[in-house]
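J.: Quick note, the sequences are listed as chains A and B, same order.
Each residue of the first sequence is one higher than the one before, starting from 1 at the first, in the numbering used here.
Each residue of the second sequence is one higher than the one before, starting from 1 at the first, in the numbering used here.
Because the hints were derived from the structure by calculation, they are not lab data.
Don't take each hint at face value.
To be clear about the criterion: a stretch of chain A counts as covered by chain B if any three or more of its residues have a C-beta under 8 Å from a C-beta of chain B, and this derived list gives those stretches [said to hold, decoys possible]:
hint: 1; stretch: 36 to 42
hint: 2; stretch: 100 to 111
If the Cβ cut is set under 8 Å, some of the chain A residues that face chain B in the computed set are [said to hold, decoys possible]:
hint: 3; residue: Met1
hint: 4; residue: Phe2
hint: 5; residue: Thr4
hint: 6; residue: Gln8
hint: 7; residue: Ala12
hint: 8; residue: Asp66
hint: 9; residue: Ala377
hint: 10; residue: Asp379
hint: 11; residue: Val381
Each residue gets a CB set at the ideal place from its N, CA and C atoms; glycine is no exception.
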Amino acid sequence: MFETGVRQLRMALSMTWGRPFSTDSLTRLVADAVATIAEFGELGLEAREVIETPFADAADRADHADRSLRRTAQRLAERSPFYAERFAASGFQVRTADATTLLDLPVTTKQDLMSRPRDFVCHGSRPHLATRTTGTTGRALEIWLSRYELEVAAALGALSAVLHDELHADDLMQVHVSSRATAAVQLASMTCRLVGARCRVLGIIAVEDALDALAGSATTMSVNASYLAELVVSARRRGLGPADFRLRRIDCVSEILSPAVREAAEQTFGAPVSDNFGMTEVIPVTGTSCSAGHLHHDLTMGHVEVLLLRSGAPAAPGELGSLVVTPYFPYRECMPVLRYDSRDVVRQLPGPVECEQAGIPATSAVLGKAGQLIEVAPDQVVTPRELVEAVEDLPSRPWPARFHAEPDGGRLRIDLPAGAVAGLSSAALTDHFAGRGLDARVRVLDDHEAPSLRRVRSDLRELSFAAPEPVGA
Amino acid sequence: MGTPTSTTLPTLLALSVAITGTLVTIGLAVVYLRRVRLDRPAIGTFNGVDIVVVFGFIVALPLLYLVLPLTPLLVVLGLTFTSALVLGLRPLIGPGATWIVVGTVIAANVWMGRTMLGTVVGWQLFWIENDVLVVCAAVTTANLYVQGGMRLRHVAWFGLVLAVYDAVFTFVWPVTNTLAQRFIGWPFDPSVGFRVGIYNATIGLGDLLIYGLFVIAALKAYGPRAARGAAVIAVLCGAVVPALLPVLTDVFIDARTDVIVPAQAAFGPAAFFYYRWLLRTYGAERTMAGFLASADVDRPLPMPEPTPEPTPATAPAQPLVGSVP
């Protein structure tokens with residue numbers, strides 16, 4: 001108990017003053033939390049405040065952001081060749097850096113990272129693990145993380161999971177993300193190890209194999225939305241229901257999760273599905289969705305801006321913009337980014353929200369990648385989320401949604417495989433999309449063309465010798 | 001009443017004080033554990049390191065008491081008792097009444113210790129008031145530790161180490177004797193005591209604390225039957241034997257003719273062996289969660305309603321997998 005108090009104090013000082021964490025102390029703090037639950041059955045009151053910075057007051061939020069940004073920028077100026085050069089070229093003064101002056105600095109793009117990856121590695125840091133994006137929207141990007149970064153992210157993640165009652169020592173977590181996403185996989189296994197839970201990393205394997213492993217054993221699952229959709233379809237085909245599973249939570253990361261798939265997954269697996277935002281480039285900054293569907297951003301570990309897609313100016317309430325994220329030091333230290341433009345499009349909420357996380361700034365859920373927005377008319381943009389939600393809501397339940405859409409003379413043309421529109425007349429299809437705000441004309445294609453219509457992460461199949469499964473099956 | 005040279009009266013007095021103090025302390029500690037829940041830290045449970053820390057305080061504090069001038073010493077003791085009383089009473093009577101009661105008890109102790117020690121009756125009244133203070137402190141502290149996750153294993157090892165400590169600091173470096181002399185006649189004497197004639201008999205707060213800890217840790221770990229056995233050991237080895245030993249030998253009589261018995265030397269080994277027997281007989285100890293779920297807990301006293309959670313204004317939880325492919 002005495003030691004635990006000292007560890008909490010050390011963590012709080014690191015969070016407040018921006019000093020590097022003692023990873024050993026953080027790790028032991030997780031063990032303390034687990035031991036507390038083992039002894040008392042639950043944590044004490046106000047346990048969550050241990051790792052969360054109070055952000056009720058806007059002035060406190062701004063002060064935290066300004067101090068963290070200044071600290072992060074100062075370190076980048078000293079140690080990051082890319083940012084030292086960029087700051088000099090922009091006349092950016094790190095000593096006076098804050099959320100306002102930051103706006104004068106150009107955002108960091110994926111192209112910057114792709115073209116000069118070595119210049120992003122900070123002097124004095126020791127790269128340990130390379131992790132790659134899946135490259136579903138282009139070439140895969142490689143990010144190096146230090147051992148310190150992984151240990152801090154895993155420990156804070158584990159602590160958060162324990163404090164929020166999301167992971168127990170007797171849990172078995174089944175992980176279905178691409179094995180190329182080494183950081184995600186590593187963090188999942190490290191988190192489980194710290195909590196004492198079991199971890200089964202399966203990747204994107206044959207769905208039937210995944211279901212066999214899932215049934216009756218796993219209690220939590222981390223999964224991409226498209227693979228979750230395939231699991232639901234397969235489970236329903238086999239007549240499996242909640243009684244066949246022991247799941248108590250499903251964490252969906254990345255990709256667009258439609259209400260139809262979410263609801264079906266909850267009914268089939270008997271566990272709530274949480275929809276989270278995360279991105280390799282900005283680890284460990286994340287976002288979580290609330291019951292109202294807002295995306296609430298992690299203000300403790302990073303600064304989040306929403307910038308207009310064309311001008312780069314801050315988006316006003318109601319406007320679409322790209323999420324631009326800056327992970328703070330001491331959470332990132334090896335290959336950090338400042339103002340990283342994710343190109344993930346969100347909409348600024350029109351006003352204050354009244355959800356269970358009302359004190360935390362929020363945006364809409366991610367609506368899709370900026371490059372996939374469809375401008376039907378000069379003032380009318382259709383987002384990938386609208387399309388995914390509309391397609392996945394078709395009576396045939398074509399999950400995950402396979403479609404192609406493009407503007408067509410002031411309307412939208414949606415290409416769908418025949419199986420997705422089975423039993424629906426042309427008029428019914430038009431009505432279906434019109435009911436969801438989409439003025440669309442549907443073109444029906446052969447089913448075998450479906451996988452090429454829209455790439456999803458569940459396409460990244462990891463085959464085995466025993467049961468090879470065609471991609472997109 | 002015996003003459004000053006007789007050993008009968010001081011022995012009976014010592015026996016009465018020790019048995020009464022022990023029984024009242026362990027009885028109240030048990031009732032408190034069964035009925036009242038103390039606040040505990042959000043994260044953390046009592047472990048071996050805490051035992052080391054507490055033992056460090058036990059070693060360091062007496063030395064501090066010896067070197068501190070009297071006034072700061074009394075201030076430290078006063079703050080210690082105030083804290084213990086506030087912690088213990090608040091769940092029972094609420095914060096407002098607690099401060100009134102604690103203020104009254106502390107003020108009365110100071111006033112009585114400064115003005116009433118000129119007569120035997122004055123001494124007796126002072127002791128009664130001081131005894132209430134000390135017993136409350138022992139009951140609260142014992143509950144704070146056990147409700148904080150302290151296990152019978154910790155208490156048993158603690159008692160064993162204290163047995164050595166007590167013997168050493170009584171016979172080799174007679175700190176205990178010096179401290180007992182220093183505290184007597186001043187407010188906040190950390191002992192339960194009473195006076196008859198020219199004799200004062202006391203039993204230390206530390207002794208009562210370990211007896212209370214032992215019994216309620218046994219109750220938490222193995223239930224009422226184990227607690228009854230622990231209570232018998234506490235009374236016999238912690239109160240009766242130390243009170244009777246001076247009758248058999250004069251080794252405990254110091255140069256001032258004060259009788260100082262290292263009670264832990266008798267209690268510690270007995271408690272440790274009893275714990276080992278319980279462990280072998282009944283297996284692993286219950287956790288606090290197991291105890292609270294058992295029939296050994298009485299219906300808790302009504303607690304003040306927690307303040308409703310305001311609109312959450314803290315950072316959201318991190319997704320379990322903090323990155324995406």
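J.: Holds or violated: the hint that Asp66/A contacts chain B, with Cβ atoms closer than 8 Å.
T.: With a closest approach of 17 Å, the Asp66/A hint is violated.
J.: Hold the hint about Asp379/A up to the distance rule: shortest CB distance to chain B must be less than 8 Å.
T.: 32 Å, violated
J.: Can we keep the Ala12/A interface hint, with Cβ of chain B closer than 8 Å?
T.: 12 Å, violated
J.: Identify whether the interface hint at Gln8/A stands, where standing means a beta carbon of chain B within less than 8 Å of its own.
T.: 7 Å, holds
J.: Does the nearest C-beta of chain B fall within a distance shorter than 8 Å of the C-beta of Val381/A?
T.: 24 Å, violated
J.: Has the stretch 100 to 111 of chain A got at least three residues whose CB is nearer than 8 Å to a CB belonging to chain B?
T.: With 0 residues close enough to chain B, the hint is violated.
J.: Okay, the stretch 36 to 42 of chain A and chain B, do three or more residues pass the C-beta test at under 8 Å?
T.: The restraint on the stretch 36 to 42 of chain A holds, since 6 of its residues have a Cβ under 8 Å from chain B and three suffice.
J.: Against chain B, run the beta carbon of Thr4/A and see if the smallest gap drops under 8 Å.
T.: Constraint on Thr4/A satisfied, holds at 3 Å.
J.: Taking 8 Å as the limit, does the beta-carbon of Phe2/A come near enough to a beta-carbon in chain B?
T.: 5 Å, holds
J.: If you take the shortest Cβ to Cβ gap from Ala377/A to chain B, is it below 8 Å?
T.: 33 Å, violated
J.: Measuring from the C-beta of Met1/A to each C-beta in chain B, is the shortest one below 8 Å?
T.: Holds, about 4 Å.
Of the numbered hints listed earlier, those contradicted by the structure are 2, 7, 8, 9, 10, 11.
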